[in-house]
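Each chain is listed here by its residues.
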Amino acid sequence: MTKLIVTKRMMERPNDSWTLKSYLDSGGMVAARKALKEMSKKDVLTELMQSKLRGRGGAGFPTAKKWSFVGKSFPRYLCVNGDEAEVGTFKDRMLMERDPFQLLEGMIIASYCLEVEHAFIYCRGELRTAYDRLTKAVEELENAGYLGRNIFDTKMSLKVTVHRAGGAYIAGEETALLSSLEGYRAWPRLKPPFPAVEGLYAQPTIVNNVETISYLPWIMENGGKAFAAMGTDGSAGTRLFCLSGDVNRPGNFELEQGTTFREFVDRWGQGVRNNSTVKAIIPGGASAPWFGAEALDYPMDDDFVASKGSMMGSGGIMIMNQEADIVAAAWRLVKFFAVESCGQCTPCREGITWLSDIYERLLSGQGRSQDIDLLLDIGDNISPGLKWPPVYTTICVLAPSAVAPIESSIRMFRGDYEARVTGGPDGGPGGTATGADSASSGSRRVSLTRRKLEVRARQ
Amino acid sequence: MGEMGQSEQVNEEKSGTVKQADAPKPPGLVFQGKMLERAKAKIAEYPQSRSAVMPLAHMYMAAVGHLTDTGMREIARLLRLTPAEVLGTLSFYEMFKMAPKGRYLVSVCTGMPCQLYGARQLLDNLLEHFNVAPHEVTGDNMLSIEEAECQAACGGAPCLEVNYRHFEYLAPDTAAQLIEDIKERGLDTVLYRRGAESAPLPPISAEEIAEGMQPKLLSPKEAVARAKAASAVPASGGGAK
Amino acid sequence: MSDAPKQPQFKTSLDSEKGSPVVVRRASGQSTAVAEQATDLVGITVDGKQMQVPKGELLIKAAEDQGVYIPRFCWHPRLRTVAMCRMCLVDIEGLGLKPACWHEVSDGMKVETKTPEVEKAQEGVLEFLLINHPLDCPVCDRGGECPLQDHTMSFGPGESRFVEAKRHFEKPIPVSDLVLLDRERCIQCARCTRFAAEVAGDPLLEFSHRGNDLHIVTYPNAPFSSYFSGNVVQICPVGALTATPYRFKARPWDVTAAETTCTMCSVGCRGVLYETRDVPIRLNGVDTESVNWGWLCDKGRFGYEYVASDERLTTPLRQPREGKHVAAEEVTWAQAVEMICAKLHQDVKVAAIGGARLTNEEAYVVSKFMRVVCGSNDVDCQLDDGLPAAFVAGAQNRATIGDLESAAAIVLACPDLKDELPILYLRVRDAADNHDVPLLIAGGMQSGLDQFAKKRTVTADVVTATDLPTEGNVVLIVGRQSLTQDPAQLCLWALELAAQLGDRVKLMPVLRRSNAHGALDMGLSPELLPGRVSVDDPENRGQLAKVWTGKVPTVPGRDTRGILEAAARGDIDVLFLVGSDPIADFPDPDLARAAFEKCDFVVALDLFATRSTDLADLVIPCAGWGEVDGTVTNIEGRVQRVVAKVVAPGQASSDADLFREVAFGLGIEFGCQSPESTLFEISQVAPAYNDILGADGRFPGAGQGTRARKAGREGVLVHEAQGRIVNGLKPDLFAAQYRSDQTRQPALERVSPASGRFALQVSRSLYDRGSLVGHCPSLADLRPGPVIRIHPEDLARRGFEVGEIVSASGENWEHEFTIEARRSVVPGTAVIPHAQVESVKLLPEMIVNVKRAKKVN
Ligand SMILES: Cc1cc2nc3c(=O)[nH]c(=O)nc-3n(C[C@H](O)[C@H](O)[C@H](O)COP(=O)(O)O)c2cc1C
Ligand code: SF4
Ligand code: FES
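Protein chains in written order, with the working numbering: chain A, 1047 to 1505; chain B, 31 to 271; chain C, 19 to 875.
For the record, the hints were derived by calculation from the structure and aren't laboratory data. Owing to the predicted nature of the structure, the values given are computational and were not obtained by experimental measurement. Backbone N, C-alpha and C fix where the C-beta goes; we use that ideal spot for every residue, glycine too. Wrong hints could be hidden among the right ones.
[Stated by the list, open to error] Simulated coverage check for chain C against chain A, where a stretch passes if three residues somewhere in it have a Cβ under 8 Å from a Cβ of chain A:
hint : region
1    : 129-139
2    : 142-153
[Said to hold, decoys possible] With a cut-off of at most 20 Å between alpha-carbon atoms, the simulated EDC-like pairs for lysine to aspartate or glutamate come out as follows:
hint : chain 1 : residue 1 : chain 2 : residue 2
3    : B       : LYS258    : A       : ASP1343
4    : A       : LYS1049   : B       : GLU238
5    : B       : LYS251    : A       : ASP1279
6    : C       : LYS138    : A       : ASP1419
7    : B       : LYS251    : A       : GLU1309
8    : B       : LYS258    : A       : GLU1309
9    : B       : LYS72     : A       : GLU1185
10   : B       : LYS72     : A       : GLU1163
11   : A       : LYS1201   : A       : GLU1188
12   : A       : LYS1182   : B       : ASP218
13   : A       : LYS1433   : C       : GLU137
Please construct the entire structure, taking both the sequences and the accompanying hints into account.
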């Protein structure tokens, strides 16, 4: 029995899995028809409940539970979160490009259950191919009568709008996504109220990840129990894990949840690059605290990884081998959060850039001995206690996420940091930085300055 | 959607004749005729018109290349916003360029996984090869090169996008040739880009697929049980320190 | 409009046509509205202290009201919460560190505001805010009164660990004519952007970019030219936004301040007037629940400038007619008094025009002087540009500004409030936007309120009770939309509508001039005596008779038009112009000129030389706002204090001083020795004002105790039930008394834009040609000048172009104007801002002919 669910079609039909013909030929729309014609809304929710499906966008919230919170008023909206921008994550893009109809079928099912008549796909702007294919797919479904009025001759009507975004990681945060979809800056909103009660245009709204929704056709067709039979108790079913970094075969792999990191890296990733060994593992996207090599025997299971002080997050697993420049890697992640902060909360807006500036000083050979503790203390001001899951004092969780790589990498690899401290304790001019790419980080500073200049010039 | 086609056409007319010094003149009214109809249709797609601000900006950029002052005023008028609201909203996002850019916008991902594969070097090589600073336009108006954040292609690192089409599995020393080829033959004809068409599919063998990617070493449930047993930390929450 | 511009995270309004609900979170003013239903209290514990606080209130406010101050930068009681600065983090039991500005109190809530964790978080936030702050405090206007400085002192870290490069921006850039922005000092609290978008409805200030690059911008060539721009300076918690008129003028420790009331219009906003070296240098809004919520319009905020103008009149001037008034001769105050006394012999006929600029006490003195000393009812504080006095003063069931938000509907049959009564505009806007009160706009130009209108008509008189909700109070705002509008007809319509609605109507007659409502209450009207008493009302005259000696005529006198006509016939001997300029403001300047010519003696009391003082025989320099103590009465009938903070220049003195001294010179026992004693007398004789004073007989707010303090800040509402126009306001009686010019066919029916015939509308703009604005250097240039505003379609129809000079003419006048295209103008009409040119004779329902001006080359 094959265990592929969301990637089955694209694996079997690598050349045309995104066409309507191919889709219908390979069992497409059977599940939607079944749901709309044979199942009540409650049945759909029950199946979903039994599947124990958890959201794949990062927070891992049980999907059925989220749906059950939906507010009573109408209109209601469904927003599919296709803003994939978390570093190390590249699964939603693949699902949107290679199997857009599967996502749309999932949306039909979800909209039926949630009584939604207008659903949106918030598609990251840079993912051009995905946007083009989704747009085309929606058009084709409309023409074929799968979208629009009286779908499958039922009373249900559904309009799907594919919204091309403009490039901002924070827009992936669900309330920021709603602000952005409403035509504002992608600023996360204060909670409560949660989107399920007061979301898009202040109406009840469900936001789900692309991958989450893509599982729905299979679950409706095969039953929630079949899904729950796979994986572990807490993390049921399969999951699309993204493997990147220092492995021989990076890529997306749909595996049962609970597979160990070791199997993932050795078998599916075909081992660590350059005959090296694992130095660090980031288990769930840029926001997740790092693990060391000891984590290879951990199962890729939400609850277990959480118990170890990190998270499976978006399922983006990044591997660093012994050659990796830990400080430069941590800096690049911090820099990512600095650039992508929305700018509302003071600690996030001011603090992360400060952290990133300190890293740049370290990398360019201007590090002071107090800088390492300074990094930690600034981190503590952003994410009090440096805990995971974080105690966060900001509107959204981006700010403490930026601290996760700092805290975990210093905790595990303080020596790598100390090797960067070349200046005197008061930060006198130091020697040249040791480490692999100090030259390029020098030129990096140039381009950073230029970028700043450019940003200002845009005003 | 034909947007990119249009953009290339518009820029085609300008290229060669226009130097960077006298940058392309902003066009007159862009949202008129067919474009206006499309814009109105776009606005009508949303329950509230303001939602169309980004889609209209994309449309405008496809036609003109970048967002001009008059462009933002046009969008503001269509959506009944003030120009300041349009500027304030669009400047938040990365893709809305308010300065002219080359016909090909090369966005080099330097995200962490790409950095592990030498993306920094790749970017520097490109800038050097084409002798251009980030966000500036080459003398022939063909290229702009920018540093970008993660492009959801980490499995194909290092990668870049040209006019938002992915090119993956590059190497610091091959990227320049790729761009030269695109300059010469156009974006649609350059095919050496694994995954440019779509996401990278790891070369998984037929046997592997047939096996259904099932775990071999340990079943998931067993893995969890063993890991829990091996671990001193109770499985409920708590920090790792 | 469906997409009213506003920040999404706090409020999203849905398409009103689609009938979807509008969800409001924490609208401005809401917190206090909650406070008023004091019945619902919950118990919370803050730092171990138990307190009872209103349910649903924000923690930050509830704690502050109970004496626990939680530091904050972005939160402002009149703006929606954004919780961006993160300065107000407190430890809420069960939730951890959370912003007090977002969480509402709930029963049993336990909060710590001073634990080590909270303090570390606060220090952290301050350190973050300071790393990019320039610390140029010594040259910063805010230095010394800066929340960032103060918070750093109380809650901040002792040192900064920041050694990287600070963010740099070009130093101050203008965002409007009056406001400068220093982006380096900005701490991104979003107060200014929220004010612009939510409160003023002018979303012209916006954040640009994101993250560390977040900064405030205006769109190039689209400045923040809001009438309310100065407010952002006041609410900016640092010195990022500064006002050009105040910049570098003073240090906070060199100024003294006093609370007063703005008199640039009749809304009566409360403010604090700052002075240094006897020169007023700033007016900041004071948050009063009843009126202005802390906001001021720019005219009010920067209007203090005229007080210290070099062009103030400082000496009485005798202006001999032989010298065509040009060869003015300075005289002493005593000589001036003597000259007037000499004219006021036994059977001289005396009239007075004006008085809306005065305080209640001054107006009372003028009123009493005219009645008791001159035996004349020929007094009028309006210049045929307002509403019938009986309608204004006699309206029962007057609306307060606070009634707006709870109304079932608001009918606006009034001029563009933004231009005439700006803060009332904000309150109406708030009612519509945040409380969903339906607006019915009856006539006039389109304004910022049109986007909220449930219905709009071209003229007022077509609105009837069937257009209105069948339940709840309806606020009816009535004022002259154009000087060519027949006021009697407008009032008649309003009275009929009011009669249909019965008890549910709340009337708000609006006159714009500063204390016009107070002056009417003091009897500066041919038909009213102090306290809203008809001159022919024997019952209420009784009270007056106890104090007033002499024969007070029992028949109504003449209004301004009547006075001027009489004077032109030679029927008036002595004419007092009490701070009025009929040549500029009266709709028929030629009649005014003829009247002055025929009068034996014209005395003009004013602050500045005007076109009318130029023609007077004697000019008296007066003290004005900021220089005299007293009270004023606003559009609601709210009596509030104005205070003397600086000394009037030269011999300038209160108008009351002159009249009192003349009476003394004539040997008449007059009383009213001081403003306070005058107010005491007013409270004795004027029924509506009986309640104004406390038992101690002092100014509202002057005494001790809560009532006094509240009266000091919120003023005291006139007790309308006690002053009554007995016969005034029955529609039929009113109609009999006020003939409306029904003979004229409505102008709109006679227009023909294609041939240049337009219905003329003359409306006021905020920055008018009045002498006060003209002497405020910062505001004078903002006046529109001689322009004529026409709908763009009409322009096209006639073939005019924007910016073209045209010549417009009516009966006996012709002037040149620059054309402006305005979508807000009703097609078929041409709008000229009032008093921007001389000698425009205005008639009800008049037509103006507009044609291309002869090319002068
Ligand atoms: C800073 C930030 C960025 C996020 N980016 C994404 C994203 O790119 N895609 C996504 O699906 N979810 C993202 N999320 C998670 C969403 O907020 C949300 O939890 C998710 O879309 C819910 O879908 P799910 O329940 O199906 O997982 C992000 C969250 C945060 C805090
Ligand atoms: S934590 Fe950062 S990204 Fe999140 S809302 Fe605050 S400023 Fe924006
Ligand atoms: S005052 Fe609460 S976050 Fe600014």
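Against the structure, the hints come out as follows:
no. : hint                  : result
1   : 129-139               : holds (count 3)
2   : 142-153               : holds (count 7)
3   : B/LYS258 x A/ASP1343  : holds (10 Å)
4   : A/LYS1049 x B/GLU238  : holds (11 Å)
5   : B/LYS251 x A/ASP1279  : holds (8 Å)
6   : C/LYS138 x A/ASP1419  : holds (16 Å)
7   : B/LYS251 x A/GLU1309  : holds (14 Å)
8   : B/LYS258 x A/GLU1309  : holds (17 Å)
9   : B/LYS72 x A/GLU1185   : holds (14 Å)
10  : B/LYS72 x A/GLU1163   : holds (18 Å)
11  : A/LYS1201 x A/GLU1188 : holds (16 Å)
12  : A/LYS1182 x B/ASP218  : holds (19 Å)
13  : A/LYS1433 x C/GLU137  : holds (19 Å)
The structure shown violates none of the earlier numbered hints.
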